[in-house]
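Given these sequences and hints, build the entire structure.
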Amino acid sequence: MKERKTLYDIIVIGGGPAGFTAALYGGRADFSVLLIEEMVSGGQIASTAQVDNYPGFPDGIGGIELGQLLEKQARRFGAEVALTKAEEVKVSGNEKIVRTKDATYRGRSFFWTNEETCGRTCGGLK
1187 MKERKTLYDI IVIGGGPAGF TAALYGGRAD FSVLLIEEMV SGGQIASTAQ
1237 VDNYPGFPDG IGGIELGQLL EKQARRFGAE VALTKAEEVK VSGNEKIVRT
1287 KDATYRGRSF FWTNEETCGR TCGGLK
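The sequence shown begins at 1187 in our numbering and counts up one residue at a time.
Be aware that one or more of the hints could be misleading.
[What the hints assert, rightly or not] Quick list of in silico lysine to aspartate or glutamate cross-link-like pairs, EDC-like style, CA-CA up to 16 Å:
#1 Lys-1287 with Glu-1224
#2 Lys-1276 with Glu-1266
#3 Lys-1271 with Asp-1245
#4 Lys-1287 with Glu-1274
#5 Lys-1271 with Glu-1224
[Stated by the list, open to error] Label pairs and their calculated CB-CB ranges:
#6 Gly-1248 with Leu-1193: 34 to 44 Å
#7 Gln-1236 with Ser-1295: 16 to 26 Å
#8 Asp-1238 with Ser-1278: 21 to 31 Å
#9 Lys-1276 with Pro-1244: 17 to 27 Å
#10 Thr-1290 with Gln-1230: 21 to 31 Å
#11 Asp-1216 with Gly-1248: 29 to 39 Å
#12 Gly-1279 with Asp-1245: 43 to 53 Å
#13 Phe-1243 with Gly-1279: 36 to 46 Å
#14 Glu-1281 with Asp-1245: 24 to 34 Å
It is worth saying that the hints were derived from the structure and are not from the lab.
Glycine is no exception: its CB is placed at the ideal position from the N, C-alpha and C atoms.
And the structure:
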């Protein structure tokens, strides 16, 4: 497992619309941001063939395409994206540590976008 030297200002766990919105705004505010998503960019919405109720797309948009656009916009503001599963989350002093299969990431703050995911990976840490 690779130990990352970077200490991110914000680690976002969950790459759906809420997670990418958090990553985008964090990046716009000049925070270093890492977003971790287990599936594909867009999260669960990417499995939807046609999204007809998302603001800004009056004719609808495919879920995969929406996920790709969310990622593109967040990256535009400096967010990094890791498509991997957050397997463990813990707090060590002022650092928040997220362990995945391939790497360990450190951050100053967490942002979970799914309480169910938090319950599985962080033992209910809120």
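Hints and how they fare:
no. : hint                               : in the structure
1   : Lys-1287 with Glu-1224             : holds, 11 Å
2   : Lys-1276 with Glu-1266             : violated, 21 Å
3   : Lys-1271 with Asp-1245             : violated, 33 Å
4   : Lys-1287 with Glu-1274             : holds, 10 Å
5   : Lys-1271 with Glu-1224             : holds, 4 Å
6   : Gly-1248 with Leu-1193: 34 to 44 Å : holds, 36 Å
7   : Gln-1236 with Ser-1295: 16 to 26 Å : violated, 35 Å
8   : Asp-1238 with Ser-1278: 21 to 31 Å : violated, 44 Å
9   : Lys-1276 with Pro-1244: 17 to 27 Å : violated, 44 Å
10  : Thr-1290 with Gln-1230: 21 to 31 Å : holds, 26 Å
11  : Asp-1216 with Gly-1248: 29 to 39 Å : holds, 32 Å
12  : Gly-1279 with Asp-1245: 43 to 53 Å : holds, 50 Å
13  : Phe-1243 with Gly-1279: 36 to 46 Å : holds, 44 Å
14  : Glu-1281 with Asp-1245: 24 to 34 Å : violated, 45 Å
Comparing the model with each numbered hint stated earlier shows that hints 2, 3, 7, 8, 9, 14 do not hold.
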